[in-house]
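Peer 1: Chain order of the listed sequences is F and S. With positions in the first sequence counted from 1, the corresponding number in the numbering used here is that position plus 169. With positions in the second sequence counted from 1, the corresponding number in the numbering used here is that position plus 660.
Source of the hints: derived by calculation from the structure; they are not laboratory data. Possibly wrong hints are sitting among the right ones.
[Unchecked claim] Some chain S residues near chain F, calculated using beta-carbon distances under 7 Å: (1) Arg669; (2) His825; (3) Phe828; (4) Asn829; (5) Ser835; (6) Val928.
Being a predicted model, the structure only gives us computed values, none of them experimental. Each residue gets a CB set at the ideal place from its N, CA and C atoms; glycine is no exception.
Next come the chains, spelled out residue by residue.
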Amino acid sequence: MSATMMRVVIVDDEELARHVIREHLGNEEDVEIAAECANGFEAVRLANELKPDLMFLDVQMPKLDGFEVLELIEPEIAVIFVTAFDQYAMRAFDAAAVDYLLKPFSAERFRSALERARQRLATKQPAPSASELKALARTPDQAAERVVVKDGARVHIIPVGKLDYVEAQDDYIELHSGQKSWLKQQSLASLEAVLDPNRFVRVHRSYLINIERVTKIEPYTKDTKLAILTDGAQIPMSRAGYARLKELMRIE
Amino acid sequence: MHPILTNPRYLLMYLAAWVPLGLMVGSMLSLSAHLPWRETTWITAPLIVLLAFLCLAPLYMCRALPVGGTSVPKLIINHLLAALAILAIVQPFLFLDLKTGSEVFHDFDRRSLPGMPLLTTSTLLLYLLAVGGHYAGLAAESTRRAQVLARDAELRALKAQVNPHFLFNSLNSISALTSIDASRARDMCVKLSEFLRLSLRLGERGSIPFNEEMEVARTYLSVEQVRFGRRLRVLEEIAASCGTCDVPPLLIQPLVENAIKHGIANLVDGGEIAMTGTCDGRTLRFSIQNEFDPDAPVGKRSGIGLRNVRDRLTARFGAAAQLKVDIEENRYRVTISAPCEKGRVSA
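Work the whole structure out from these sequences, hints included.
Peer 2: The following block contains the structure:
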C-alpha cells in the first residue's frame, strides 16, 4: 500500500447502494476501501478506529442520519453525501456548497465528486460545519428532537426533553442531563439555533437552559439573578437573559 | 361582509331580481287600494329598496342556526323574531312615506290606508323568502366546499402515492443490479413499472375491490423487497372474504409505505410487517403492524400518508368507518374498520 492511497469507508443501509459505490471505486487505482457499514453508529465507530480519508455517507439511515454522523467524526475526514431525494438535505448541501451525489448517479458524476474530494484532502480544506449543515437542513418549524454526543467510543443520544441545561466552555459545550454530563465540540449558538426557542432560552452568554427545569429564581448580584433548576444547579443569568426567560415564562 | 355586497356582478343580479318582486307588490297594492301608478310607486319603490338590503341580513343568523343542527322551535322562534324586528324597522318608514305622500298627492292618506296590511304581509313573506334563499345558498356553498376538500385529498394522495424517495432509491437498486445480475435488474424494472401503472390507473377510480388494493400494496412491497432484502419481512393473513369489499383506492398502500419508511428503514436489522384482514359480510377489518425504533426522532414516524388515508376513509364512509393507531413499545399498529359494501366499483 503506497502512502498516497486514499482510504475510504462506505456508509449506506442498503447493500445494493453500497455495491454501486464499491463498483465505481474499483476503477480507481489510488483508492482502498477500508470498510463498509449500514448504520450511523457503526459509521462513527469506524471513523474513529480506521481514521479514513474519505467517507461516502448516506443521509437517511437507521440510528443516526448522515448529518449526525458528520457532527461526531473528525473534521479532517472528507465526506461525500449520497441521497436519493431529500428536499431539505439537498437545500442544505446547496446552501453550504457541499458536494453530494443523487442516486442513481453516473460514472462521470461519481468521478467528479471523487476528484473534488481528492483536491480537498490535498489542500487540507476544512470540512463543512456539521452544525451549520444541520441547521440548514432543518424542516421549517421543526426543532431538533435529540442531540447526539460521542461518549468515548460510544455514541450517546440525548432526547431534548431530557436536557437540563448546556454550558459553554471554550470550544466545547457541556450538556447536562440528570446527574450526567457530556462534552461536545460545538458552539452554544449553533446548538441554540436548532433547539425549540420556546423551550430553551439563553439566559447568559455561557448558559442555555430548559425552562421546564426552572424551579426558583433568586437574586444574585445587584443587577442579576440566579435560576435554580430541579437538579439543584444554580445558573447565573444576565439582565437580558433574565428578561428573555421572564418573557417566555410569562412572569411579571 | 355579505358575498353579494362584495361582488358588483352579484349585487347587480340581486337587485335585478327585486324588480319583478317590486312590480308584483306594487300591482297588488294598486289593485287592492285602487291607487294610481304614481302614488303606488311613491310607496312601493323606497320600501322595496330598503327591503332589498334588509333581506341580506339573515345570512348571519342562517350561519349561526344551521338547519340540521338546530331544533325546529328554536329555528322558527328566532327567524320570526327577526322578521318582526324587520317589520319594526319598515313600519315607521311606511308611515313617513304616507305622511309625506299625503302632502304631495291629493287625498292620498285616506285611500292608501287599506294598503297597510298588504304591505306588512308582503314584507314578512319577502323576509322569510330571503331566509330560505340564504339557507339554500349556504347549503350549495358547503357542498362546493366538500367537493373541493375531496379533490384536494385526492390530489394529495396522488402526489404522496409516487414518493420520489421511493422512486429514486428503486432506480438506484436497478442501477446496482445491472452489473450484478441483469435478469434481476429487469425483474425490478418490471415490478416498478407494474406498480406505477397500477397506481396511475387508480387515481381515476372512486372505488376498487379490496383485493385489487392489496395487489397494489403487494407490488409495492415486492419492489421494496429488492431494496431492503432480508431486512424486510412480510406476513400476510388476509381472508378471501375481504376481497370483494369496495374501498377507496390507495387505502392500504400508503400504510405499507409508512410501515417501511418510519419503521423498517430505521431498523438496523429490519423487521416484520404483519397485515391481517377479515370480513364478516358487513364489516371489513384490516390491520397493519410494524416494528420501529423508539429512539428514532418522532418527526420521522408521523406522515401525511396517514392523514390522507383517514380523509379518504371519512370522505367515503363518514362516521361508519374508523381508523385507529396503537403504539406499544416498539410496535406501531394501524387498524381500519369500514362497512363492506359491494358492487359500487367504478371502472
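Peer 1: None of the hints should be skipped; say for each whether it holds.
Peer 2: Hint by hint, here is what the structure shows:
1. Arg669: 39 Å, violated
2. His825: Holds - the Cβ of histidine 825 of chain S comes within 7 Å of chain F, reaching about 5 Å at its closest.
3. Phe828: 4 Å, holds
4. Asn829: Hint holds; asparagine 829 of chain S Cβ to chain F Cβ min 4 Å, cut 7 Å.
5. Ser835: 4 Å, holds
6. Val928: 5 Å, holds
Against the hints set out earlier in the document, a violation occurs for number 1 only.
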